[in-house]
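First to last, the protein sequences are chains A and B.
Numbering-wise, the first sequence is residues 4 to 226 according to my numbering.
Numbering-wise, the second sequence is residues 698 to 1356 according to my numbering.
Among these hints, one or two may not hold up.
Going by beta-carbon spacing under 10 Å, a handful of chain B positions derived as facing chain A [claimed, not checked]:
(1) I1250
(2) D1278
(3) L1326
(4) Q1331
Calculated from the structure, these hints are not laboratory results.
Quantities reported herein were computed from a predicted structural model and do not represent experimental measurements.
For glycine and all other residues, C-beta sits at the position ideal for the given N, C-alpha and C.
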Amino acid sequence: MSSPLSFTISCMKKYPRILMIIAVLLLIGLFIFPMWRITLLAPQYPNGVTMYIYINKIGGDSPSTLQNINILNHYIGMKYIEPESIPELKYFPYIIYSVMGLGILAAVINKGKFYMAWGILMVILAALGIYDFYLWEYDYGHNLSDTAPIKIPNASFQPPLFGVKQIINFTAISYPHTSGIMAGIAIVLSFVAWKLKIRNEKYAEQVSSDSDAYSGVLMRSKA
Amino acid sequence: MKNLSSNFKNVLLVIAGLLLAASCNTPGNAYKSGALAGDVASQVYVPPGEYDEFYAFMSGGFSGQISVHGLPSGRLLRIIPVFSVDAEKGYGFNEETKAMLNTSHGFIPWDDAHHPELSQTNGVTDGRWIFINGNNTPRVARVDLSTFETAEIIEIPNSGGNHSSPFTTENTEYVVAGTRFGVPYPQQDVAIDSYAENFKGMLTYISVSEEGDMDVAFQILLPAFDYDLAHSGKGKSHGWTFFTTYNTEEKATLLEVTASQNDKDYIAAVNWKKAEEYLAQGKFREVAANYADNEYDESTQMATSTMKNSVKILTPEDCPGLVYFLPTPKSPHGVDVDPTGEYIVGNGKLSADLTVHSFTKMLAAIENESFEKVVAGVPVLQFEEVVAGVVPEAGLGPLHTEFDANGNAYTSFFITSEVVKWKVGSWEVLDRAPSYYSIGHLMIPGGDSKEPQGKYLVALNKITKDRYLPTGPELCHSAQLYDISGDKMKLLLDFPTMGEPHYAQGISADRIQSKSKKFYPLEENKHPYATLGEKDARVERAGNNVHVYMTTIRSHFAPDNIEGIKVGDKVYFHVTNLEQDWDVPHGFAMMGANNAELLIMPGQTETLLWEPKTVGVFPFYCTDFCSALHQEMQGYVRVSPRNSDIAMTWKLGEDDPVQ
Chain A
4 MSSPLSFTIS
14 CMKKYPRILM
24 IIAVLLLIGL
34 FIFPMWRITL
44 LAPQYPNGVT
54 MYIYINKIGG
64 DSPSTLQNIN
74 ILNHYIGMKY
84 IEPESIPELK
94 YFPYIIYSVM
104 GLGILAAVIN
114 KGKFYMAWGI
124 LMVILAALGI
134 YDFYLWEYDY
144 GHNLSDTAPI
154 KIPNASFQPP
164 LFGVKQIINF
174 TAISYPHTSG
184 IMAGIAIVLS
194 FVAWKLKIRN
204 EKYAEQVSSD
214 SDAYSGVLMR
224 SKA
Chain B
698 MKNLSSNFKN
708 VLLVIAGLLL
718 AASCNTPGNA
728 YKSGALAGDV
738 ASQVYVPPGE
748 YDEFYAFMSG
758 GFSGQISVHG
768 LPSGRLLRII
778 PVFSVDAEKG
788 YGFNEETKAM
798 LNTSHGFIPW
808 DDAHHPELSQ
818 TNGVTDGRWI
828 FINGNNTPRV
838 ARVDLSTFET
848 AEIIEIPNSG
858 GNHSSPFTTE
868 NTEYVVAGTR
878 FGVPYPQQDV
888 AIDSYAENFK
898 GMLTYISVSE
908 EGDMDVAFQI
918 LLPAFDYDLA
928 HSGKGKSHGW
938 TFFTTYNTEE
948 KATLLEVTAS
958 QNDKDYIAAV
968 NWKKAEEYLA
978 QGKFREVAAN
988 YADNEYDEST
998 QMATSTMKNS
1008 VKILTPEDCP
1018 GLVYFLPTPK
1028 SPHGVDVDPT
1038 GEYIVGNGKL
1048 SADLTVHSFT
1058 KMLAAIENES
1068 FEKVVAGVPV
1078 LQFEEVVAGV
1088 VPEAGLGPLH
1098 TEFDANGNAY
1108 TSFFITSEVV
1118 KWKVGSWEVL
1128 DRAPSYYSIG
1138 HLMIPGGDSK
1148 EPQGKYLVAL
1158 NKITKDRYLP
1168 TGPELCHSAQ
1178 LYDISGDKMK
1188 LLLDFPTMGE
1198 PHYAQGISAD
1208 RIQSKSKKFY
1218 PLEENKHPYA
1228 TLGEKDARVE
1238 RAGNNVHVYM
1248 TTIRSHFAPD
1258 NIEGIKVGDK
1268 VYFHVTNLEQ
1278 DWDVPHGFAM
1288 MGANNAELLI
1298 MPGQTETLLW
1308 EPKTVGVFPF
1318 YCTDFCSALH
1328 QEMQGYVRVS
1338 PRNSDIAMTW
1348 KLGEDDPVQ
């Protein structure tokens, strides 16, 4: 009876590190899948025009999507969306590399507070990233050319950060996409790793002080 | 025998039939009110935004084009320019497509297109291409069904009227081209009276490669009968093609009488697999010829016309077993092979009966050498030995037969103006439905393939009269849609068609829809005069030739102001549409251009030649409403005197060009 129990305990000891490694691996998704998706719907665009934002590029549901969005935007004098002129797309990947490195480091050190620190760092970076995204949206939506062929007073052309918004004839829908959600899960996992690690550290103390506490551990972990 | 009835009797029948047809013209007759009883509207109603179940490809007849309709709604979806110039699309007017209409007689802007034929795989329509014949200056065209554009037109040498064409073999190994009019072979200056002696009839097999490339593979030299229609065998009869003939009398004047004398003409059965063996054995003559093969290259967007100079000719005398004649009553028109490949229906157009031959019996008759006689080296099989059955007195003037998937056949009767449904094998007439008026061809989607998709039947009528609001002396032709899913045919809809549809083809939408191209990727544009970005837009002079490298994108041309053109210049506008979205063509029209507009699909380049004759400043503009700023999509060309020293300049916008 003590053998499966000790196995469980040893697995539980490994959990935080495994979770942290999974969290780091999830960030690879940022280089494969889009983190955000903005879809524009209008009667003439029955399938919508969908733009995908990656950590290092902006794409669409076809190679020509950006051109088509820019053609639409030029009527109201919006700046062309040109991935080459968005510096964040160039340096964000390095930030992610660094964060991944720190995550691995945290897994090697395997201390609760390092997991916590990594999670907090990720939250701060995500918040900054979303704020940066908002600033770009604000810039595109407000910095309109004086020579725009179509001028609509008081109209808001800024796309929504999160959710659905009507922009003249278009319904704009903006939500996180695959790798954005993966990064979110990574954050959650890092905090879970932190919590478990703290418990494990406490159990370790208890086990060393009270070798007869196994049943108590099990009850607590179930609760 | 009934099918041997005298000519006198036939003439009487024809007169009776015409009277019958004429009587149909009085409005409010019993047919008319009875046919549409009950609610049929819902059966042809395709709600807004929903799609039709079938594509129908109708030949344009004397329009030279193909029109594409949806079924069951009958809605017109597109006109595909094939043999005739089309100012709307610039086809035959722009520099890229002029070569498509080249022939050994030079540029021909028109033809008479009769029989569309879908490509097949294993006897089933596959939605890759549709072929169609040009009857007047013998040609066969291939249309690509991913773009709905004509991809190739090949001229048929030694032919006088390409009517029995372009019916396909089971795997589109070949499409055929039999001459309707005998012509001197070789073409020469002879007395027309010497028809029987000097004229010949040529059957042509055009090979089709996996990529669709057509080539005249071989020709078969036969007597100067009129080879009227054809269908290739399928299943057990795969490897054979059947051609109807009339004018086996070999006359050249007053054919309506002189070519209607023989009680029986022939169906020519051609064993093309045998022909391949003879070709491999070298039993052909390579004969000088002169014919054009025009191909459109989708990557360069340029048609190239290549003159070819020889053909391989097989003659029955040298190639025993290549061709047999099956006697068939009264100038048979259509020849139609049932889905099993066993039955070959001869629609004897001056007869009241339908004659059906058996492929199995034909093979046995050949095996037993049951020959009645030999004509020009071709054995004539004994009628009784090949006929499987007769559909007796089904109507008058049978022209064409199509099949459903349940062993039924549907035959059009021109004179009695009706469709008759009969059972293959038992030959009993099951139902008849009037057509308004005087049906020619009829079409069931897949109805000439191994797998008919027999839900609807389309009647392609020759006479319209009072069916629609009058439009002066000339009326559009009328098609009619019947529901054939039940025991009784039910008339659902009349709809007008373009030109004169002869034959048509139908195919379930899913075999084409998903393959339909939305636009041409710019990176695949290999046009020699393409301009792939606005920064490359420019004007270049080479002597009197000026090349304008122009782009279009919503909503401007680049450049849109051009100066330095002189009277007497030949100005080539090479316009590239930089759009990369579905359904965003731009048009280009130049004031005073002696041709047509350009209509440029996204990612394509097209060229318009303009030869300014007077000084001045002339506008050009976009003709296809492209955007909210379409009206602003315009520009100017300044034309100076021939001796002027105005510099060649071009621009877009007052400061830096818009991106």
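Going through the hints against the structure:
1. I1250: It holds, given that the least Cβ distance between B:I1250 and chain A is near 7 Å, below 10 Å.
2. D1278: This hint holds: B:D1278 lies near chain A, its Cβ roughly 5 Å from the closest one there, short of 10 Å.
3. L1326: The hint holds - B:L1326 has a Cβ within 10 Å of chain A, the shortest such distance being about 6 Å.
4. Q1331: Cβ of B:Q1331 sits 14 Å from chain A, so the hint is violated.
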